[in-house]
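K.L.:
Okay, here's what each chain looks like letter by letter:
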Amino acid sequence: MAILADADYGALRDAIYRKGAGKEELKALPTLPNKVILRAIFQAIEDNVQASRAPIKAAMDAAAGFALSPMLARKFYAAYVTVKGA
Amino acid sequence: MATHRIDILGAGILPDSGVFFDRIGNQITAAVSPSIGDLLAMVIANVAADQGFKGNFLVPKNYVGAPKIVLRAILDGAPGAADIAAIGLRKRAVANNGVADGTFDAEEIASATIGTNGSGHSDEDELELSITLTAGQYAVDNMVYYYFYLDDSVATYAGNLLVTGVYFEYADA
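Protein sequence lines, in the order shown, are assigned to chains A and B. Residue numbering for the first sequence follows this note's numbering, beginning at 644 and increasing consecutively. Residue numbering for the second sequence follows this note's numbering, beginning at -2 and increasing consecutively.
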C-alpha cells in the first residue's frame, strides 16, 4: 500500500482508457469521472489490494462517489494489475 | 488589419511519450465512412503531468501582432459540469544570428470550464482553446521553437483530446 505516484496514475489512466480495457464503460457514464476521481479509484485499489473482492469494490465505489458496475470495477482492477502487478 | 491562422503541426514535431497519432475511428465510435473516423488525430490526455509535443515554426512575413496559439480538438469523453481543459506553451523565438539554444521561456497557459458550468461541451464535441501570447516576444522571420501541451496544473478533464490542429494566430498590418 502506497500513495500512487503521478507516473503510476498516468500509466493507470492510459491502461483503462483504451477500447476494450474500460473506455466503453467509462464513456457510457453520464459524465466521465474527472482526474481526481479516477486517481481516487485507483488509490482505493492500491490501499485494499490485499483484501478480498467485496471490500475492494466497496472502497472503489466510495472513491468514485457512485456504485461502479461490476464490469467497470473489473476493468479498473485489470488496469491496476496490468500496471502494478497482481 | 486581418487576422490569420497558420498550422504549426509540421512534419518535424516530436510527441511526448504517451502521445500518439491514431485514426479517430480507433478512439471513438464514429459515424459511417466518410466521417471524422477516417481522419488522423494526435491523442493527448491529462495524466498528472504536462503532456504534448515539441516543434517549431517561422513567424510569417506579414506578422504585426496579437499572437495566439489556438488548439482545435475533439473531446473523447463527456466532461463533468465543472471540468476544466487547459493548454500551455513554452517557447524560444530566435532571429537569424540569434542564439538558438537555451531553456524555453516561462509558460503561458489558457483554460476553460468545458462542462455545463461553462461552455457546455459534450462528448465528441469540437473544442477550441486559445492562449493569448506576449506580442513583443515575436518578430517577422523569428524561428519559434516550442513545447505545446495539456497543462496538468489546472486541468481536471480526464478524457482524451483528439488534436486535429494547432495554429499560430496573428494580425497583419
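It is worth saying that the hints were derived from the structure and are not from the lab. Some clues are possibly wrong.
To be verified - Computed list of chain B residues with no C-beta within reach of chain A, every gap over 10 Å:
hint: 1; residue: ALA8
hint: 2; residue: VAL44
hint: 3; residue: LYS58
hint: 4; residue: ALA90
hint: 5; residue: LEU124
hint: 6; residue: TYR154
hint: 7; residue: GLY156
As the list claims (entries may be wrong) - Here are the simulated lysine to aspartate or glutamate pairs, EDC-like style, with alpha carbons at most 20 Å apart:
hint: 8; chain 1: A; residue 1: LYS662; chain 2: B; residue 2: ASP35
hint: 9; chain 1: A; residue 1: LYS666; chain 2: B; residue 2: ASP138
hint: 10; chain 1: A; residue 1: LYS662; chain 2: B; residue 2: GLU105
hint: 11; chain 1: A; residue 1: LYS670; chain 2: B; residue 2: ASP138
hint: 12; chain 1: A; residue 1: LYS666; chain 2: B; residue 2: ASP98
hint: 13; chain 1: B; residue 1: LYS65; chain 2: B; residue 2: GLU123
hint: 14; chain 1: A; residue 1: LYS662; chain 2: B; residue 2: GLU121
hint: 15; chain 1: A; residue 1: LYS662; chain 2: B; residue 2: ASP169
Ideal Cβ placement from N, Cα and C applies to all residues, glycine included.
K.L.:
Are the hints correct? Go through all of them and say.
P.N.:
Results for each hint:
Here ALA8 of chain B stays apart from chain A, with its beta-carbon at least about 26 Å from theirs, past the 10 Å limit. Distance check on VAL44 of chain B: its Cβ comes as close as 3 Å (rounded) to a Cβ of chain A, failing to clear the 10 Å threshold; non-interface status is violated. Every beta carbon of chain A lies more than 10 Å from that of LYS58 of chain B, the smallest distance being close to 41 Å; the non-interface claim holds. No beta-carbon of chain A comes within 10 Å of the beta-carbon of ALA90 of chain B; the shortest separation is about 30 Å.
Separation of LEU124 of chain B from chain A is adequate, the least Cβ-Cβ distance of about 14 Å exceeding the 10 Å criterion. For TYR154 of chain B, the non-interface assignment is contradicted: its Cβ lies about 7 Å from the closest Cβ of chain A, within the 10 Å cut-off. Chain A draws GLY156 of chain B into its interface by the beta-carbon criterion, the shortest separation being 5 Å against a cut-off of 10 Å. The straight-line distance between the Cα atoms of LYS662 of chain A and ASP35 of chain B is roughly 17 Å, inside the 20 Å bound, and the hint therefore holds.
A threshold of 20 Å between alpha carbons decides the hint, and for LYS666 of chain A with ASP138 of chain B the separation of about 44 Å lies outside it, so the pair is violated. Of the supplied pair hints, the one linking LYS662 of chain A and GLU105 of chain B is violated, its CA atoms being roughly 33 Å apart against a limit of 20 Å. At roughly 45 Å between alpha-carbon atoms, LYS670 of chain A and ASP138 of chain B are farther apart than 20 Å, so this suggested pair is violated. Using a Cα cut-off of 20 Å, the hinted pair LYS666 of chain A and ASP98 of chain B is violated, with the two alpha carbons roughly 41 Å apart.
This hinted pair checks out: LYS65 of chain B and GLU123 of chain B have alpha carbons roughly 19 Å apart, not beyond 20 Å. About 15 Å separates the Cα atoms of LYS662 of chain A and GLU121 of chain B, which keeps this hinted pair within 20 Å; it holds. Between LYS662 of chain A and ASP169 of chain B the CA atoms are separated by roughly 45 Å; this puts the pair beyond 20 Å, and the hint is violated.
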